[in-house]
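Peer 1: Guided by the hints, dock chain L onto chain A, whose structure is given.
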Amino acid sequence: MAKRRVAARGRAWVALALFGFVLIAAGVIWRRTAGITRSRDIRVLEQRRVQLESERAQLESDVRDLSSRSVLAPLVERRLGMRVPNDSQVVILSRSRSAP
Amino acid sequence: MLRQSRITLIHLSLVLFAGAIVVRAAQVQLFQSKQWTQKAARQHFASTEIPASRGAIYDVSGAPLAMSREMLRLSLSPREIKDRRAVGRDLTSLGVPGEFVSRATDARRAWVDLPGTYSPARAADLAAMRGVYTRPTVDRVYTPREATRRIVGWVDDTGTARGGLELTLDSLLRGTDGHAVIARDARGRRFDSPADSDVAPEPGDAVQLTINQELQEISVRALSDAIAKMGATGGDIVILDPQDGEIRAMASQRVGQPTFGNPALSEPFEPGSTVKPLFAAMLLQRGLAHPTDTVNTENGVYTIEGRTIHDEEPKPQLTLAQAIEYSSNIAMVKFVSRLTPRQEFETLRDYGFGMPTGVPYPGEASGILYPPSEWSRQSPASMAIGYEVAVTPLQLAAAYGAIANGGDLLEPALIKEIRARDGTVLYHHDRRVVRHLLSPQVAATVRKMMVGVVQGGTSTEAQLARFTLAGKSGTARRGATKHGYSAGRYTASFVGLFPADKPLYVIIVKLDDPKSTIFGGKAAAPVSKIVLQAAIASRDAALDRNALASSETLSKIEDTTVASTGDVARAPAAPDTDDAPAPPIVVTLPARAAAQRTLPPRAVPDVHGLSIRAAVYALHHAGFRVQASGAGTAQSTLPNAGVVTGAGAVVRLVTSP
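Chains A and L, in that order, are what the protein sequence lines are. Read in my numbering, the first sequence has 61 at position 61, and its numbers run on one by one without any break. Read in my numbering, the second sequence has 1153 at position 153, and its numbers run on one by one without any break.
By construction, these hints were calculated from the structure, which means they are not laboratory data. Cβ atoms here follow ideal geometry from the backbone N, Cα and C, with glycine treated the same way. It cannot be assumed that every hint is accurate.
Claimed, not checked - Reference excerpt, derived from the structure (chain L facing chain A, CB under 8 Å, subset only):
#, residue
1, Met1067
2, Glu1070
3, Val1220
4, Ile1227
5, Leu1464
6, Arg1466
7, Phe1467
8, Val1650
Chain A with its partners taken away, still in its complex shape (with noise of 0.2 Å):
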C-alpha cells in the first residue's frame, strides 16, 4: 500500500516536471514568436518612415523649385503684369545702430 503511495508521488512529481517543462517551452516559443513579431513591425514601420521621409524631401523640394524666382517671376510678369521696380521705387528701411 505504502509502495503504490509512493509510486503515485512519484509519478505526479514527474508530471509536473514535464508540465513544467512544456509551460516554459511554450513561454519561451511565446516571447521568440512575439519578438520576431515586433521585429517585423519595427521593419515595416522603419520602411514607412524611409518611404514618408523620401516622399518629405521630394515635396519640400518641389515647393522650393515651384516658389524660386525663376519659376515665379515669368509667371507674374506674363499673368499678373507685374515687373521688378527701378532702384527709385524701392524704399529702404535703414536701421539705426544708436538706438536703444
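Peer 2: Only chain L this time, still in chain A's reference frame:
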C-alpha cells in the same frame, strides 16, 4: 534457430543504423560544424549595406541647394513571382520601360535588375510582393536645378560625383556607409536580426556656400535674356563681395556648344579696356601719374612699333581720369609706357592674372600672362589695352575687388562653412588677403574715375537712378580658331562696383560675340543694371541694407550737387512714367531688430533627451522658432540636429512620452 538468427540480424541492422546516425552526427557536429554553421547563416541571415546620407549643400542664407533622399533599386526573380500580371501592372505604373517589364515577368529568366531608382512610397506595393527585391540607395535632389548646376555639380545614378563642388568635396560629402544583418524566415521574409551587429551609416558633412541663391537666379535669368536679346553666343556673370572675397553668384551660358564645368572659372578671355583702371591704379600707386596728368591723344589715331591704335572718341588730349572715362586706347598706351615691361608684367601678375585664384573647383584656368622675355615689340602697347593677356571672369572680379575694398587682393571663396553632422565647424571661411596692392586713397581715386565712366563716359546705360555705380566697359576682338582675330567678332564686358562709395558687389558681365551691338557699354552694362535693380528689389540678395541706405543718401547728395552745377550729361536719366521714383523715405528702426535680422545661419542644437521646456528654451536660445506638440521628452528635431539653417527658421520638435 532460424528465428533467432533473424532477430539477431534485425538487431544488428538497427545497431548499425543507429551507429551510422551517430557517426554521421559526429561527423556533422565535430568535423563539419563550421561549414554547416556558415551555410545556415547564409540561408538565415543576410548582410545589407545601408548607404550613408550625402551631406547637404546650402547657400549663404541657409537655403538648401542639394539634399539627399533614400530611394530604392529594384531587382526581380521572375521564377519566384506568383502574380505576374500584378507585377507587370505595378512596374508599368512606376514608369519602368516596357522592355524591362517584359523581362521582369518572363519566367525563363532567373534574375532581372531594373534600371534607375524608385521612390519608396510609390514602390511600396511592388516591394511587398514575392520575388521582388529592393536595395536602398541615396538619390540627390537639387533646387533650383538649372541655376546652380554649374557650381554645385551633380551625382550620377550610381552615387558617383561627376562635377562641380560635388566632385571637389566628395570625400567630405559622401559619408561612410553602414551595414545591418537581416534575418530571413523560411518564406524569405526579412526581419531585423536579434544579433545587435549593425553598424550605423555616418552621414556626410554639410557644406554652406558663399553663393546667394536669389542673386544666382537673378544673374542666370538676366544673362539668358541678354544672350537671347543680343544674339550672343554665350556669356558669364560673376558677382563678388569685395569686402571678404565671397562669390555671391556665378552664371554662365553657352549657345549651341556643350560646355563642362564652369566657364566663369575655366574659360579665359582677353579683357580689353577693363584692364585700364587696373593700370591707372598702379600708375597712381607707384607715383608715376596723377589723375590730372595730360597726354596727347593724337586726335584718335596713333602708330607705335608698326601698330596703329584708334580711339572710338577722337580727342586731341586727355587726362588720366578722362582716359578712363572715355576709354581712350591711345592715352592708356602712352600712360602705361611710363612703366617698364617688367613693371607692366608685375602689375598684371600682382592683380592675380596668369595664375588660378585658388577657388576649390575642378578645372579652374590660370589664364594667360606671358613674361616680358616672350613679348614682341608691340606687346607693351597691346597689354595696356587688354590684349595679349587672358583672364577668367573670376580673376577679373578678384582684381577689381582690390579697387573696391581699398587695396587688398583677396582670395575668392566659394565655400563659407563646412559642418559635421553633430554641428562641429570643420572649416569656416575668413577673409584672406593675398597681397596688399593699393593704398585706400588710390583705390578711392580710381573708383571716382570709374564713377565718371558710368555717369558721363562709355557706360551710361549702367547708371542707376538713386545709387552711384562705378564701372568700366570693355570691347575686345575675339581670337580666331587658328591665328589672329576674327573680323566682326567681339567680347563685350562690363565691370561694376556697387555702390561706388563702399562697394558691396563687384559685378562682371561678359557677352561673347553679341550681334546687336558690340560695345561693352551698350551690350553688357545694361545687364549689370538689370541685375542690380533686381538685387535691390529682392528680399534676400546678400545686400547690407544699412550700408545701402547710407549709400543711397550719399548718392542723392551727389545727384543734387550735379544738378545744381547744371551738368546735364551727368545727371541721372529722366525716369519714364513707369519708373517714377517713390518718395525718398528712410525709416529708422530700432537697433535690436537689426541685430536679429543679421544673425548668420547656424546649426540646429541637439536636444535629444531634454524635457520639452528645456528643448524649446535651447532652440529659442539658438535663434530658431519652435513648433512643438505632445508631452514627455524631446526625441529629435526636424531639421535634424547639426543641420545648418537660417536664423529664425521653424524647427519642429519631435517628442516621445
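Peer 1: Does each hint fit the structure? Answer for all of them.
Peer 2: Now for the hints, and whether the structure bears them out:
Using the Cβ-Cβ criterion of 8 Å, the hint placing Met1067/L at the interface with chain A is satisfied: the shortest such distance is roughly 6 Å. Taken as an interface hint, Glu1070/L checks out: its beta carbon lies about 5 Å from the nearest beta carbon of chain A, inside 8 Å. Because the closest C-beta pair between Val1220/L and chain A is about 7 Å apart, less than 8 Å, the hint holds. Because the beta carbon of Ile1227/L sits about 15 Å from the nearest beta carbon in chain A, more than 8 Å, this interface hint is broken.
Checking Leu1464/L against chain A: minimum C-beta separation of about 5 Å stays under 8 Å; hint holds. Using the Cβ-Cβ criterion of 8 Å, the hint placing Arg1466/L at the interface with chain A is satisfied: the shortest such distance is roughly 5 Å. Checking Phe1467/L against chain A by beta carbon gives a least distance of about 6 Å; that is within 8 Å, so the hint holds. Because the smallest distance between the Cβ of Val1650/L and any Cβ of chain A comes to about 13 Å, over 8 Å, the interface hint for this residue is violated.
In terms of the numbered hints stated before, the structure departs from hints 4, 8, listed from lowest to highest.
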